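Please construct the entire structure, taking both the sequences and the accompanying hints into account.
Chain by chain, the residues:
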Amino acid sequence: MIRVVLPYHLRILADIAGEVQVEVEGPVSQQAVLDALEARYPMLRGTIRDQVTQQRRPMIRFFAGGQDLSHEPPDAPLPEAVALGAERFVVVGAISGG
Amino acid sequence: MSRVRVLVGTRKGAFVLTSDGKRQDWDVSGPHFGGWEIYHVKGSPVDPDRIYASQTSDWFGQVVQRSDDGGQTWEPAGNEFVYDGAPGTHQSIDGTPHPWEFTRVWHLEPSLTEADTVYAGVEDAALFRSVDGGQTWQEVAGLRGHGTGPQWQPGAGGLCLHTILLDPVDAGRMFVAISAAGTFRTGDTGKTWQPVNRGLNSEFLPDPTAEIGHCVHRIAMHPSRPDVLFMQKHWDVMRSDNAGDSWHEVSGDLPSDFGYVIDVHAHEPDTIYVIPIKSDSEHYPPEGKLRVYRSRTGGNEWEPLTNGLPQRDCYVNVLRDAMAVDALEPCGVYFGTTGGQVYASADAGDHWAPIVSNLPKVLSVEVQTLP
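Note that the protein sequences, when read in sequence, are chains A and B. For what it's worth, the working numbering labels the leading residue of the first sequence as -16, then goes sequentially. For what it's worth, the working numbering labels the leading residue of the second sequence as 488, then goes sequentially.
The hints are all genuine.
Sample of chain A residues at the chain B side, in silico, Cβ under 8 Å:
no., residue
1, H(-8)
2, L(-4)
3, M26
4, G29
5, T30
6, Q34
7, V35
8, R40
9, M42
10, I43
11, G76
12, A77
Worth flagging that the hints you see were computed from the coordinates, not collected in a lab. Bear in mind the structure is a predicted one, so any value in this text is a computation, not a measurement. A virtual CB, placed ideally from N, CA and C, is assigned to each residue, including glycine.
Right under this line is the structure:
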């Protein structure tokens, strides 16, 4: 079970309280986690990554285990602690004003 | 007694304002989608409880929301806007070619006859249509494909398709306006398009009377007379009496012919409203006086409407989608400001009062007249 933390506005959009747990079959990567997340919450499609290019939106980052994983290849394995559910995969919205 | 529902999009959420036919006491609901920019909210003329909202964010992109109960509850609809075929390029702000990229929905225009059909005007400028209540979107590709698209360039607000007028008499005809490309017309439900900008004069263009490149801020029509169009351009208030084939200036005695909004009285096709703004770099009313100007002659002769509006130290702006009229008698007129006020007049502009005074920056105002 993968534990995912979403930014406040995406939790509201998807009507989620607290963290989300998703099942991923096979290798656990950013892409696999986001695929599972969007399958369960279709309204999140396009809000974290572009629907066509699948690229991460510019003002979104992915953190886990104290590391910024945003620039890792989408299909690269996530840390084992994330795959085992010991660490959370955190989707972060950039700190910016306005 | 009839009711009115005012749909307000702001920089930090949507608000729904309701009143009875007297339009004196108002209930305020919101913010809906707090923290998101709500570019536009508009109800279906076929089913007034069906309302569409454009919810957008620099962080999270585009969401389209749909309500089927008059704005009490909402469900996310489809948000995939993919340009048809190879998207090609338009001009960037520096004049170099730039690939078309979807950014946001500026304007949602529900069909006059089908509750599940709705058009979306987007940035980078294109027109999309949904026939399933906003679940899926297909580009009306003939607009960008008619030939001038590679020459379109953005205004300071982006290359946006911000106005969609559906002809209530000829179902195949519609008009769109793009900043800064101009006005375009189709007569076959979007298959083919032509620029309709003859008579416009824009000093910022190398050829001020060019076929395209004009920064049209807003166009309006009265449903009983769809061949007559009114336009607030970057500078100049314009009128066409032949469905856009040619335009002539009707700025007349306005204190400034720069502005964003323009709208038409619900029952008097030659009564129109604008809100003059000082200049294209000074986005506030001349002399710090917030004045709606009304022409009862279809332009040229204008009267200031000031009763109830601030007449000193007022430096707000009124954005292009932030004025609307209701269909009651007398006609109600509404507009929202960048200072967060929504003003209403229940007597066609003679007297004004704020419905709300401290909303976030208002991006759009629409009105539904309900039984």
